[in-house]
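Engineer: Sequence lines, in order, name chains A and B. Residue numbers for the first sequence follow this note's numbering, beginning at 1 and rising by one. Residue numbers for the second sequence follow this note's numbering, beginning at 1001 and rising by one.
Quick caveat, the hints were computed from the structure, so don't treat them as lab data. Worth double-checking, as some hints may not be accurate.
Unchecked claim - Derived DEER-like restraints, expressed as beta-carbon distance ranges:
no., chain 1, residue 1, chain 2, residue 2, range
1, A, K166, B, I1046, 47 to 55 Å
2, A, A185, B, E1033, 51 to 59 Å
3, A, K166, B, E1137, 35 to 43 Å
Stated by the list, open to error - List of simulated lysine to any residue pairs, SDA-like, C-alpha gap at most 20 Å:
no., chain 1, residue 1, chain 2, residue 2
4, A, K166, B, P1144
5, A, K159, B, A1078
6, A, K159, B, V1164
Please read these numbers as outputs of a predicted model, since none were measured by experiment. The beta carbon of each residue, even a glycine, is placed where N, CA and C say it ideally should be.
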Amino acid sequence: MYVDRLSLTDFRSYEQLDLELSPGATVLVGPNGVGKTNLVEALGMLSTLSSHRVSSDAPLVRFGAERALVRASFVRGAQRSMLELEVAPGRANRARINRGNPVRARDLLGIARTVLFAPEDLALVKGDPSARRRFLDELLTVLLPHHAGTRADYDRVLKQRNALLKSARAARFSRRSPAPDPSGATVESTLDVWDAHLAQAGARLLHARLELVDRLVPHLDAAYAQLTDGSKVAGAVYRSSVEGSVPESDGEDFPAMDGGGDAQDGGESPAVVRDGDAAPGLAGLGVAEIAERFLAALAQARQRELERGLTLVGPHRDELELTLGDAPAKGFASHGETWSFALALRLAAYYVMIDDSAVAGDEPILILDDVFAELDAARRARLAAIVAKAEQVLVTAAVDEDVPAELAGRRVRVVPGALAPLVPGEDA
Amino acid sequence: MYEGAVQDLIDELGRLPGIGPKSAQRLAFHILEADKDDMMRLAAAITGVKERVKFCQVCGNVSEQDMCSICRDPRRDASVICVVEESKDVLAVERTRAFRGRYHVLGGAINPIAGIGPDQLRIRELLTRLNDDAVTEIIIATNPNLEGEATSTYLARMLKTIGVTVTRLASGLPVGGDLEYADEVTLGRAFEGRRSAIS
Ligand SMILES: Nc1ncnc2c1ncn2[C@@H]1O[C@H](COP(=O)(O)OP(=O)(O)OP(=O)(O)O)[C@@H](O)[C@H]1O
Ligand SMILES: [Mg+2]
Ligand SMILES: [Zn+2]
């Protein structure tokens, strides 16, 4: 597919922008801070509903404005879809499809497919497990939009269960407040109920993630080989806390304390299995069987969870472990290898989407934000050769020299300015 | 900030559910400018419910007497109890005219985030009613959302040992609606709760 028109209203630095695009390669060139990333960020949001840079919506709205509008027109084979997303911090974002009535933002999922490569992708390899979980879930909801519901269900049960664990913990520690303390028996039986719901929602998410990893791994290996000289094998294994194979500490609970994966409480650090199998016990299981394992894991963790006031097992604590050759990628890969790995993950997502295409012209739009500047000449050429084959590829760069000759498409010079920030430049 | 009585009214209205500061202000000025008799009737209605209306000692439904009209009605089937979250749900089920038994109003649903556990709901009162052998069936009609489902699971597990029939209202696609407009949760539930088409 390709996008032939992008309009922004009060999005980031743009008060109003209308940009015409065409299939093939387009290179957006302009100095630092001029608004190149802002453009591709907006486009990416129509496919994933969230920014690749920030987790809250407020920075996306132009200073002083109340809401931002992103509008684009996508062409997929003979079909055209006009998508519109309204970003209004503090309110639920809304969307419109083909100028219809407003719908939930979630209803956009699955229509526009883009794969965005950005400097932030380094975190996929070096960052907390949450970055990799997000990568999986984002890809999952683009491929199978109903899993946005699976994910939302799980998050809601998790929140309720954590609230219960937290109040149970508070009740244990404060002997002085006699009245509202739920009795121990009530807490346990209520927890049983939340366990059942958590296991049900969680098993659905786990099952979907495991299937996705199975589809992703062969492409990851191939993509890494394509980008490099092929001397090392890139792999990924889904380690589920439901199997007890993930270290206790997780960046999300203690953002300030994440010291790179060591267990930080109780010194309890289940050994990570490194036999190369996908989460040994879960591979190939159905949703119902995973739910049973999940319940067993919760039963085992019950005491520790009551002490911590936190849900310690489940897909929100899982890890997609990345390996390069015989070593984990995180902490062992060189800077250049880390970059190649991050690019290979995005390429693998691209290949999975191509596999998934149901109709002609379904392949995703590639967006490369500032990535060539980070690569040496050999990898630049390899990446350029791969992405040049896509139906549409948008590339941003601060200077012309950063863009490999293979991508000599239409060049657009980006200049600052509120009304017509884009001046179609001289064609290269 | 406004002076005295006006600000008091804005503050009080602002404490009502679903009413933000702006709406509270708009309502307060509407009351201020509206016909005096109309507003006195509103005030009397509020005083009236707070003075006269209480909760049925048996089922927890709103009532002007110790026992609500449904619990007092000898024609209602005493062997079936329909468990709902709120009094307004009693009205909803009554409108269907499909149910001839009695009710039990829990006063909410299990919701740890809001600090509501089984002890904050009228579950003990329900168990007391079950001591009477007349009751043979419980129909759980909590809301089809996460908290309602959790409450339903809790009740079903607890009642399993007591030896009454426990059923849960089927939740599914709204009648008269189009499949294409059903959200994925509803559709998913409808699939899970599907039944044989050949009877
Ligand atoms: N909400 C906002 N309102 C107004 N301006 C904003 C907003 N958010 C970001 N900006 C401005 O947008 C600019 C950043 O734009 P962007 O990240 O697209 O730059 P870029 O062209 O990609 O630069 P680089 O080459 O350094 O990556 C900054 O100058 C920033 O001040
Ligand atoms: Mg940039
Ligand atoms: Zn009653």
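Engineer: Are the hints correct? Go through all of them and say.
Structural biologist: Each hint, compared with the structure:
no.	hint	verdict
1	A:K166 - B:I1046: 47 to 55 Å	violated, 37 Å
2	A:A185 - B:E1033: 51 to 59 Å	holds, 56 Å
3	A:K166 - B:E1137: 35 to 43 Å	holds, 37 Å
4	A:K166 - B:P1144	violated, 25 Å
5	A:K159 - B:A1078	violated, 39 Å
6	A:K159 - B:V1164	violated, 33 Å
In this structure, the earlier hints numbered 1, 4, 5 and 6 are contradicted, and the remaining ones agree with it.
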